[in-house]
Amino acid sequence: GQNIDQPTEMTATEGAIVQINCTYQTSGFNGLFWYQQHAGEAPTFLSYNVLDGLEEKGRFSSFLSRSKGYSYLLLKELQMKDSASYLCAVRGPSGGYQKVTFGTGTKLQVIP
Amino acid sequence: DAEITQSPRHKITETGRQVTLACHQTWNHNNMFWYRQDLGHGLRLIHYSYGVQDTNKGEVSDGYSVSRSNTEDLPLTLESAASSQTSVYFCASSDSGASGTYEQYFGPGTRLTVT
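In order, the protein sequence lines correspond to chains A and B. Quick note on the numbering used here: the first sequence kicks off at 1 and runs consecutively. Quick note on the numbering used here: the second sequence kicks off at 1 and runs consecutively.
Just so you know, the hints here were simulated from the structure itself, not pulled from any lab data. The beta carbon of each residue, even a glycine, is placed where N, CA and C say it ideally should be. A couple of the hints might just be wrong.
Claimed, not checked - A few chain B positions that, by computed beta-carbon distances, are all more than 12 Å from chain A:
no., residue
1, 1
2, 7
3, 16
4, 18
5, 28
6, 40
7, 49
8, 71
9, 72
10, 94
Said to hold, decoys possible - According to the in silico footprint, chain B covers these stretches of chain A (three or more CB under 8 Å from chain B):
no., stretch
11, 39-50
12, 56-69
Claimed, not checked - Some chain A residues judged to face chain B by a derived CB distance under 8 Å, without partners named:
no., residue
13, 33
14, 81
15, 84
16, 87
Isolated chain A, as found in the complex (with noise of 0.2 Å):
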């Protein structure tokens, strides 16, 4: 089965930096996924890893090591609109490589 544990909740200041820690245990692993979701709202692709190493784009850059089950999200100059959940998410193989088993998400809240 899958296993993946992120923080509940996280507080940060507007402009700064702020790391989302996420680990797991999975039978198979075939990549990781970081989606953002606004309250009420559906959530949204922001990253993938599948080789260890950091991956950038603008403000938001992802982290991954596939030999420590661990990976993190960095969010740069925080902005309010940053405020949401986090949702880390480990793709397949168990039940096939495009199944993908999601955290229960890190809410984000960005103060000024």
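Following the hints, put chain B in place on chain A, whose structure we already have.
Structure of chain B alone, referenced to chain A:
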């Protein structure tokens, strides 16, 4: 532009009634998924499909069924609605990686209340 839609967006029903939630995507994706989202549980997979006539059970499939008669639609049916099925339901779709990405595109969600 391609999209994924769900209907209805809000539904109130009574215990024991059959309810069907619609999901329609114009991405031409082979893979479609139904999740429910509850406080403290995150997104949990109900059923999924990798193509026409293919359906598979997820981790919380009891009391739910799906059918896939075409590429665009994956309706979710609650056979006999229970109060424990009060939740927000999300439909999602993804391609099979031919474009190099496996991200799932989510519909706007359906908020279902069972009284």
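Status of the hints after comparison with the structure:
Under the 12 Å C-beta cut-off, the non-interface status given to residue 1(B) relative to chain A holds; the minimum distance is some 15 Å. Non-interface status of residue 7(B) relative to chain A is upheld: no Cβ of that chain comes within 12 Å, the nearest being about 14 Å off. Under the 12 Å C-beta cut-off, the non-interface status given to residue 16(B) relative to chain A holds; the minimum distance is some 29 Å. For residue 18(B), the requirement that its beta carbon stay farther than 12 Å from each beta carbon of chain A is met, with the minimum near 25 Å.
A cut-off of 12 Å between C-beta atoms confirms that residue 28(B) is not in contact with chain A; the least separation is 15 Å. With a closest Cβ-Cβ approach of about 7 Å to chain A, residue 40(B) is found to fall inside the 12 Å limit, against its non-interface label. Consistency note on residue 49(B): stated as away from chain A, yet its beta-carbon is not over 12 Å from all of that chain's, at 10 Å minimum. Look at residue 71(B): its CB is around 15 Å from the nearest CB on chain A, clear of 12 Å, so calling it non-interface holds up.
Once the 12 Å rule is applied to beta carbons, residue 72(B) is consistent with being away from chain A; the minimum gap is 17 Å. For residue 94(B), the non-interface assignment is contradicted: its Cβ lies about 6 Å from the closest Cβ of chain A, within the 12 Å cut-off. Using a Cβ-Cβ cut-off of 8 Å, 6 residues of the stretch 39-50 of chain A lie near chain B, which meets the minimum of three, so the contact claim holds. Here the stretch 56-69 of chain A counts 0 residues with a CB under 8 Å from a CB of chain B, which misses the bar of 3, and the coverage is violated.
For the restraint placing residue 33(A) at the interface with chain B, the shortest Cβ-Cβ distance is roughly 7 Å, inside the 8 Å limit, so the hint holds. A hinted interface residue such as residue 81(A) counts as satisfied when its beta carbon comes closer than 8 Å to some beta carbon of chain B; here the least separation is about 19 Å, so the hint is violated. With a cut of 8 Å, the hint placing residue 84(A) at the interface with chain B is violated, because the nearest CB-to-CB distance is about 14 Å. The beta carbon of residue 87(A) is positioned within 8 Å of a beta carbon in chain B (closest approach about 7 Å), and the interface hint is therefore held.
This entry does not satisfy hints 6, 7, 10, 12, 14 and 15, going by the numbered hints stated previously.
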